[in-house]
Structures are given as structure tokens and as C-alpha cells.
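Colleague: Listed below are the residues making up each chain.
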Amino acid sequence: MDKNTATEKNTTIIKNATCTFCGCVCDDMELTVDLDEKCIIKSKNACVLGKAWFSEHSVDESRPVALIDGKEASLEDAIEEAAQILVNARFPIIYGLSDTTSEAQRQAVAMADYLSANIDSTSSVCHGPTGMGLQGVGEPTTTLGEVKNRADMVVYWGCNPTDCHPRLSTHFTVMPKGMYIPNGRKDRTVINVDIRSTSTTNIADLFVQLKPGSDYELLSALRSISRGRRLNPSIEEQTGVPMATIEDVAHRLMSCNYGILFFGMGLTMTRGRHYNTGALHLLAADLNEHTHFVVKPARGHGNVTGADTVMSWQTGYPFGVNFNRGYPRHEPGEFTTTDILVRGEADAACIIASDPIANFARPAIEHLKKIPVISFDPKPTPTSQIARVALTTACYGINVPGTVYRMDDIPIPLRPAFESPFPSDLDILKPLTERIRELKAH
Amino acid sequence: MTETMILVPMRTTKQGTTLNAGKLKDAYKETTSTAEIKQEDMDRLGLKKGDRVRLRVGTHAVVVSCIPRKIKVTDNSSGLIFMPYGPTTSALMVDGDTAGTGMPASKHLVVEIEGPLAPEEDDG
Ligand code: SF4
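From first to last, the protein sequence lines stand for chains A and B. Residues 2 to 443 (my numbering) make up the first sequence, in order. Residues -2 to 121 (my numbering) make up the second sequence, in order.
The set of hints was computed from the structure by calculation and includes no laboratory data. You may find that some hints are simply not true.
[Unchecked claim] Residues from chain B that face chain A, not an exhaustive set, calculated with beta carbons under 10 Å:
1. M(-2)
2. T(-1)
3. T1
4. I3
5. G19
6. K20
7. D23
8. P65
9. I68
10. T71
11. D72
12. N73
13. T86
14. S87
15. P101
[Claimed, not checked] One side only, chain A facing chain B, incomplete, derived with CB under 8 Å:
16. L50
17. L76
18. T269
[What the hints assert, rightly or not] Result set (DSSO-like, lysine-lysine): computed pairs, CA atoms no more than 27 Å apart in a straight line:
19. K11(B) - K43(A)
20. K52(A) - K16(A)
21. K52(A) - K45(B)
22. K11(B) - K371(A)
23. K371(A) - K26(B)
24. K370(A) - K46(B)
25. K26(B) - K370(A)
26. K16(A) - K371(A)
27. K26(B) - K46(B)
Heads up, the beta-carbon is just placed ideally off N, CA and C, and yes, glycines get one too.
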């Protein structure tokens, strides 16, 4: 930390800080922090989303650390109330976890274990089908560093990183020069496959527009060509993509030196889901008969990859894990949060750094509103508004140190900018778990 | 005029920046309640920029404003409505079925679009 004496304000510069807004987890931020106002006044190297992330996470000291039934409460009382709710529930669920540190995620898994609870991350309504797809067929994987240095073919399928991960292309995958990509952008081909033109289409060499819901068919067609088979002409009608375009794409993929398929919710949130993602992984596997090809999901939240990673090494499964029987079980559709809520099974919910009231399907929201909810969030959200116990937390990466996993599974340490008067998720989860253990022991 | 179209919730830069400012603030609510529709579809439905439309799935409906889609590379997205993912699009995810995956088919919502609405017509 260098003290900045050049300005009148009491500021500090934090170099190599990490942005945790999206899965790119850029770790080259240079933050100018106003220590008196407890806010970040400049975030060099951040994209438009990162700038908003840093500038909008100042600390509002007037907010209470906790609310119980909408009334101000002490942290101790809130932890006691939360522990009582969770211990007295028959089917407690823990959900969220993609916007917190891996240290807090690990603690949440321990808490789920002591509670015999269900634990799930936002992965289940994000890249959960990706986890299911790759478990079935394997994952030809890579790191963003390798992509930067080697990839001469970048495919964005059903994702729009220019809007959602603005520095993915500019910092890692398309624009930078790499060890074997001396001319940067000029040495790479970018193909965008989507049902619509987006701002990512603007940076692509080739845009392939397909009919909504026909990703599986198009992926299968590309696999067929890569295996030397001939296509039935009906594929044009099924996908809306001309045969000549499908053949052109297939030959470009087969003839590159190193290709990467990035993909997003266009595959996981539509008909086919894990079949789509499985087909995409199999396409990469098939292309490895011709060249080197890898796959990466463009992950959204800053540490959603960490949620999958931590849950995998703690329980053996990446999301949708249930401890009801005293040991972890995983079953998408059964132990995933939307399904549990839609079936009306959960009778208490601990929501950590997530906002299901804003994002879940209507029947799931309706059930969540009927049961006691404990929410952890740095800001008020629709979920914190309905929570029985609403805890105000410090923001990971800005106020809280720890570890997050980038979308390519690389752990990145956090360098917080300034201290918050509010506790971190981990600061709450530790005593909460302890209290749950005590109550369970009686 | 009423027609059946497919609503595709999406992420946008504006949704991301307003989300950081706060989900309870007007800017976030406004951007997550603005539908982007191809100009030719707007013309066919008799819609102008800023008109209010009702989107209905079964018995559930929301009222949002609409604007024409602005894109640099032309596409054929006729029949599709795009709207930033948020409480309004979630209100139209009336089917919680995940087909055994945990994930509702949230990017492919078949909706009935009705508009333009008169200013006095209520939400819902
Ligand atoms: S790309 Fe993502 S991680 Fe990088 S600065 Fe932008 S929002 Fe932050």
C-alpha cells in the first residue's frame, strides 16, 4: 500500500487488487481509495462493470448490522435467531455462495453438514447443466493464460462476453498478443454463435445465427462433419443455418491450431440444457482428432467457480448437495434449490450473497416468501426485504480478504481496499456454525 | 394488438451497472422492465418507442415499456423479445419445472404480448 501524498484527501492506492464482479476476476486493478469517506474513487484498468462495482460499494455506516423482523438488532441476537431458525427446521436449505470467498463457502458446507441441511449454489440456475454435461462426457479444459498465448480460434456460443465479461476478450482471449499469437487480434478468428446479434457479434469474424432451441442439433451437425459423416439437408430447416455455413464453421474449427469454445446461458437455460453442454464438450473432444480444442464456460459471478470447486472437494459434488442422511448426496432436480422450493419442502432458508427473490421462478419465490429466511448481503435486495433475519455484510474483495476462483478454476487471492465496519460472511458463519453445534448437542 | 412471442431474458451492461448501484433503485427497476423488440415487430404491433405493453404467461402478466432493438450486425430475431434478467422476467417464469436439472428453461418463455396499452391501464 502506497500512501498518496499528492492529493489533499486521505487516499491510498492499492495495486494489483482484484475485481470480483464477474468470473474474469481481473487481478490487475489499481484502486484509489478515499479512507475518510470509505469509498473507491478511481479504479484503473476496470471495465465499465468493474468501475460500477468499485464505485458503488462504499460503506453506509448508517445501516444496521442486522434486522430481525425488520427491526434493528445486534449481531449476537441475529446469530442466535438464525441458529434457532435453522436448528428447529426439518428441511433447512443453504443457498447462494457465488459472491463470497472460498473460505466462507467452506464454512457454509461445514454448517450444512452439522445441520443435515441441503446446500446449493447459484450454479444450479447458471452453469449447473454444464457440470452435469461434463460429468457425463469429460472436460477438455484449459486456463485463460493458455488461451491468451495459444488460441487462434475463439468461439463464443450462446454467450455475450462483451456485455457480461467485458475484459474477457480484451484482456485474455481475443485482443492480447500471446507467446504463439504474436499479432494478437490479427492472428485469431472469432466465431459467434447465437440466436441474436449482440455486442459480441460486433467483434466476431463470423456470426452464425441459429433458431432458438436448436443448439443441440447444430452441435451434433458439427460433430458429424468432424467425424467425416455427411449431413442430412434437413439440418438447414432445423437450425436455420445454411449447409454451406455449417461446413465452413466445421472446417475452420478443424483446421485451427488451438481452439476454444466459450459458452453461456444460451446453452444451459434453454431446452436441452445438459445435453447441449454435453454435446459442446463432445464437439471439443471430437475436434481433438484434428487439432487441439478446449472448452470453458463463461462464468458469471465472481466466485461461482469457487462454489463448485469448494463443494466438490468438500462433498464430492459441485452443487445441489443434501446432508439429510448424514452424508452428502447429489441429485439435480431433487436437491437443487428451485425444485426444493417449488415442491414446498424447505421450511427455512439461509441465503448467502444471493438474491433468489429477484431471480427465481415464480412458484419458488412464492414458497420462499412463506418460510423464515436468513439473508447475508452487503446491500438491501428483494431477498433481504423479505428476510426474517437480514444481515449486512462487508463486501468480498473490496473489504474482505480471501480466495476466489477465476472462471478457469485458478485461485486468486484478494487484496481488499479498505475495512468495513460490517462483518464478513465468514465472520458470521463461524459463530453461527458454533452455535448450531451447541444447540444440536443438546 | 396481441401476438405470441418468445421472451429471452438477457444480461446487459446497463443491467450490470445499475445492479451495482442497488436493486431497489429506480434505474435497475427501469432497465429490468424494458423490453427490446425488433423494429419490424414493433411496426407490426403498432408500437412506438416507450409504449407500454402487457406480457402474459397464463394468468400472470406484467406491464413493461418497449424500445426497438439497436444492433450493429443485422439478424433475424423477429418474434423474439429481449429483456434484462430480473424481478420482472422472473415474474413470468410461472413454470418452476426444471426437467430434473435444477434449471428452469428461463431463456425461452412463450409470452403473449398486448399493446400499446392506454396510460390508465393497470399493471397485471
Ligand atoms: S471483466 Fe469482470 S472482473 Fe474484469 S474488471 Fe470487468 S467486471 Fe471486473
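Colleague: Run every hint past the structure and note whether it holds.
Modeller: Against the structure, the hints:
The restraint placing M(-2)(B) at the interface with chain A is violated, with a minimum CB-CB distance near 22 Å, outside the 10 Å limit. Here the hint on T(-1)(B) is broken, as its CB sits about 21 Å from the closest CB of chain A, past 10 Å. A cut of 10 Å between beta carbons decides the hint on T1(B): the least distance to chain A is about 13 Å, and the hint is violated. Hint status for I3(B): holds, given a least beta-carbon distance of 6 Å to chain A, under 10 Å.
The restraint placing G19(B) at the interface with chain A holds, with a minimum CB-CB distance near 6 Å, inside the 10 Å limit. Annotation: K20(B) was flagged as interfacial toward chain A, and the flag holds, the nearest CB pair being 5 Å apart, inside 10 Å. Hint status for D23(B): violated, given a least beta-carbon distance of 14 Å to chain A, over 10 Å. The closest approach between the C-beta of P65(B) and any C-beta of chain A is roughly 14 Å, which is over the 10 Å cut-off, so the hint fails.
The restraint placing I68(B) at the interface with chain A holds, with a minimum CB-CB distance near 5 Å, inside the 10 Å limit. Residue-level restraint check for T71(B) holds (minimum Cβ-Cβ distance to chain A is 7 Å; threshold 10 Å). Interface restraint check for D72(B): the shortest CB-CB distance to chain A comes to about 4 Å, inside 10 Å, so the restraint holds. For N73(B), the suggested interface contact is upheld, since its CB lies about 6 Å from the closest CB of chain A, less than 10 Å.
Given the 10 Å rule on beta carbons, the hint for T86(B) holds: about 9 Å separates it from the nearest Cβ of chain A. Here the hint on S87(B) is kept, as its CB sits about 6 Å from the closest CB of chain A, short of 10 Å. Nearest Cβ of chain A to the Cβ of P101(B): about 5 Å, under the 10 Å cut. The hint holds. Because the closest C-beta pair between L50(A) and chain B is about 4 Å apart, less than 8 Å, the hint holds.
The beta carbon of L76(A) comes no nearer than 23 Å to any beta carbon in chain B, farther than 8 Å, and the hint placing it at the interface is violated. Of the supplied interface hints, the one on T269(A) holds, with its beta-carbon coming within about 6 Å of a beta-carbon of chain B, less than 8 Å. Only pairs whose Cα atoms come within 27 Å are accepted, and K11(B) paired with K43(A) is accepted, the gap being roughly 19 Å. Taken as a hint, the K52(A) and K16(A) pair is honoured in the structure, with Cα atoms around 15 Å apart against an allowance of 27 Å.
At most 27 Å may separate the alpha-carbon atoms for a hinted pair to count; K52(A) and K45(B) exceed this at roughly 33 Å. Distance restraint check for K11(B) and K371(A): the Cα-Cα separation of roughly 32 Å exceeds the 27 Å cut-off, and the hinted pair is therefore not satisfied. Taking the CA atoms of K371(A) and K26(B), the gap is about 24 Å. The hint holds against a cut of 27 Å. Pair hint K370(A) plus K46(B) does not hold up; C-alpha atoms about 35 Å apart against a cutoff of 27 Å.
At most 27 Å may separate the alpha-carbon atoms for a hinted pair to count; K26(B) and K370(A) meet this at roughly 20 Å. At most 27 Å may separate the alpha-carbon atoms for a hinted pair to count; K16(A) and K371(A) exceed this at roughly 46 Å. Proposed proximity of K26(B) and K46(B) is supported: the alpha carbons are some 18 Å apart, at most 27 Å.
The structure fails hints 1, 2, 3, 7, 8, 17, 21, 22, 24, 26 (numbered hints given earlier, in ascending order).
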